[in-house]
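Modelling step: build the complete structure from the supplied sequences, incorporating the hints.
As you go down the protein sequences, you meet chains A and B in turn. Numbering follows our numbering, with no gaps: position 92 of the first sequence is 92. Numbering follows our numbering, with no gaps: position 341 of the second sequence is 824.
Bear in mind the hints are in silico, worked out from the structure with no lab data behind them. For glycine and all other residues, C-beta sits at the position ideal for the given N, C-alpha and C.
Here are a few chain A residues that sit away from chain B, every Cβ distance over 12 Å (derived from the structure): (1) R3; (2) A8; (3) G125; (4) L170; (5) Q177; (6) R212; (7) E289; (8) I299; (9) S302; (10) G303; (11) R308; (12) K355; (13) L409; (14) L427; (15) R444; (16) P448.
The calculated lysine-lysine pairs, modelled on DSS-like cross-linking and capped at a C-alpha distance of 27 Å, are: (17) A:K98 <-> B:K519; (18) A:K39 <-> B:K489; (19) B:K519 <-> A:K167.
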Amino acid sequence: MNRPFFEALEKIYPTDRLLTRDVELLPYESDALTAFQTKPGAVALPVTEKEIIDTVRLCHRMKVPFVARGSGTSLSGGSLPIADGLMIGLNRLNRIKKIDPEQRIAVVEPGVINLHISEAVRQYGLYYAPDPSSQSVCTIGGNIAFNSGGAHCLKYGMTSNHVLGMKVVLGDGVVTQFGSESIEGVGIGPDLVGLFVGSEGLFGIALEITLRLMPTPQLYRTVMAAYDNLGRAGDAVSMVVASGLLPGAMEIMDRLAIKAAEAAVGAGYPLDAEALLIVELEGEAPQVEAEFAELRGVIEESGAFEIREAKGEDERARIWQGRKSAFSAVGRLSPDYIVQDGVVPRSRLGEALVKIGELKAQYQLDVANVFHAGDGNLHPLILYNGREPGALEKAEALAGEILAMCVELGGSITGEHGVGMEKREYLPTMFGPVEMEIMRDLRRAIDPEEIANRGKMFPSGEAPALQTHGMHPLERQGVISRE
Amino acid sequence: MRHQIKSDDPRAPEMTEAIEKCVHCGFCLAACPTYKLLGEEMDSPRGRIYLMKGVLEDKIEAEEAQPFIDRCLGCMACVPACPSGVAYGDLLVSYRTLQEGSRLRPLSDGIARRLIIETLPYPQRFRLAMKSGKIGRTLQPFLPEAFASMLNMLPDKLPPPSPLPPILPAQGDRRGVVALLSGCVQQALAPQINLAAAKLLSANGVDVHIPAGQSCCGSILLHIGAESEARQIARRNFPLMPDDIDAIITTAAGCGSGMKDYELLFKGQTDLQKASDFSSKVMDFSAYLAQLGLRKPRGFAAERVVAYQDACHLLHAQGLQSEPRDLLNQVPNLRLVDIPDAGMCCGSAGTYNLDQPAIAEELGRQKADAVLAAGPDTIVSGNIGCITQLRKHLDLQGKHLPVMHIAELLWAAYQS
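Structure representation (structure tokens):
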């Protein structure tokens, strides 16, 4: 990291909030995707909005790339540091600045933990709907960058459906406001909030976010159905969808995932099942009761060998805790695994599961399946032993085939974890050259030096501008050069 | 996580297994008191695991990483929070022990540490140290920080030494036989706790043996990585326990969880079998009594509003959450109130308040605030360290509420 940049940083931060020693940098070298590790040049820990703005402007002026990081829980390597770049840790900006129960909004800083919002507004009978499995630890800033989903996004939509407005600092240091406090506020002009949410940190940093809150459902009814066959559970999802019901969440776990999650939290899952379907209805009591009778009928018809309903809030909480712990719990089964995040049209879920089964057999690798079945978001976890030479490559090849299948079936390479580092090379399988170029142009228009989260999302993107356009022919021949 | 650890230490398998199981997901961050307080990755469980891995892989110097490892409270809140089942405690104890041998400390730290090793485990010496502590207090401004906070912890008045009877026979039908481990620091600071526990057990139909000549269980020494001293002192208790007992009872959370870890302490050493037999019988007082079933207490004449403060080494290390609460809920005219964020450590953490006074102070202040928010008139806990810490911080806020061991309150409920 260059000396003048570092000296300028020292003017913004006291020494205890500017980490530079190896021992301090090492724990920041990975997020929740440890297959990638890069030690940052330094880590800055701002506590005010002004410090963030000053830092981004400094980075822009001196052309130093930066990565914003909340709790470091990205599963796609989205918050992987840049070598010799700056890591900006936003976890200390964790204030909920305003709660307006009448307008049903909360204004928060980017380092606020997702679940803390629901805890803070519970007293008003409200909650923040998007519920990524890591909600007890992941931050709103990261949720915005990756447009995070969660089990209950089936009914209520992803993060983008719950952000009303935000103050941001863009990659060129400009501070601006997108959206407003009103749900109708985006009516005029383009939806810039929508543009920013899911941009994987490539446009800048959200400084202050206005979120929409929802009234807490009056009643939940949660049912677990056990199947002796994964495809049958997938078909059950299609049957529920076809019946016209819209549950709050519909999740499937297969045998391996059930085993791991049960060991982690003791949720009372049926260990003899090949697949477990969890369906939750929520809303006003009379409606939920009526829907529940219908749902039960559909599930009984779907060939479940056991149907169990959560008795009381404790049991319901444990069922969800188990589901939400499932990824990490797979660490009990295997020291190394790849978490995949593909999407298929939910009408083709059964087909996709059969295909994954075939690929698994072909590659002779174990795959644990956990997925948001209601919206066709698959999370195959490919287990491998990193100590075996070639095992990672084999697992990656299998992951690639699963993603290709998702695209082929009309789906996507990512549902909620983002492209990040992990799926950069797969982006062109979804977008043509024209679309890719539009995205790059957009990025350069907002962040001309391409310093915000450089290297993420675009294929082999250390310096995307140069790689897109290539060098000038004279430059290549060494006739001219640029500074 | 993948790693390249090559270690010939006998504990290497524990350490590598824990590191392998960690998937770096960050679920532990929310549970960790130091991460909440300091907001840095190095001061989180995930970060510490990464640092220990870095040291064991020779990527960083042990000395560099040590301040962050030292700041770990050892509260184990990260263990139940971990979906992938990392045995963080095994890793931490093994790592601390491994580093302890090769570690250089500043002189004052070394002296404080030696003082702990030579004093805390021995009730007689501890009493003596407390007396001399009074002299030390006048010199306090000139002493290193760790000394100063040590002296601050000492009570103004010593309770008289209170020898326990060798046996308290069961009253009424005999429902069980136990041995009570009387402990060290606690027996010197608050002898009434063991006495209340013994009487309570006896009133519930349990023969209580209190073998003479007991020593410290070694947990406090293990906590600071003094492994061989811990083993040496732990061994002394093995032959003292009678054969036909249902359980070895302790009234101190840290001793209970430490003794339950004897297998790790004695791994590859002589007396492993004895240690393991001993360990398998260890039960916290509240767990034993809850399992046995309480004979109906009389309760209190006027309503008492009680907050139960979870000791980390009961809640996180031994998984005892409902047991003590179930006992309290059986007392007539006792209303139990919940302390917000109950799983957060109070900062006492064994010798932590001696080693890391600043963090311990802040956690103590926060815990006192949380307790007051619950609005109790009495606070109970299952650990002398937590009791001392909370009493101190409530006093600092001018709220002189009674803070006592759960055994004391339960025993009072039989007498009123």
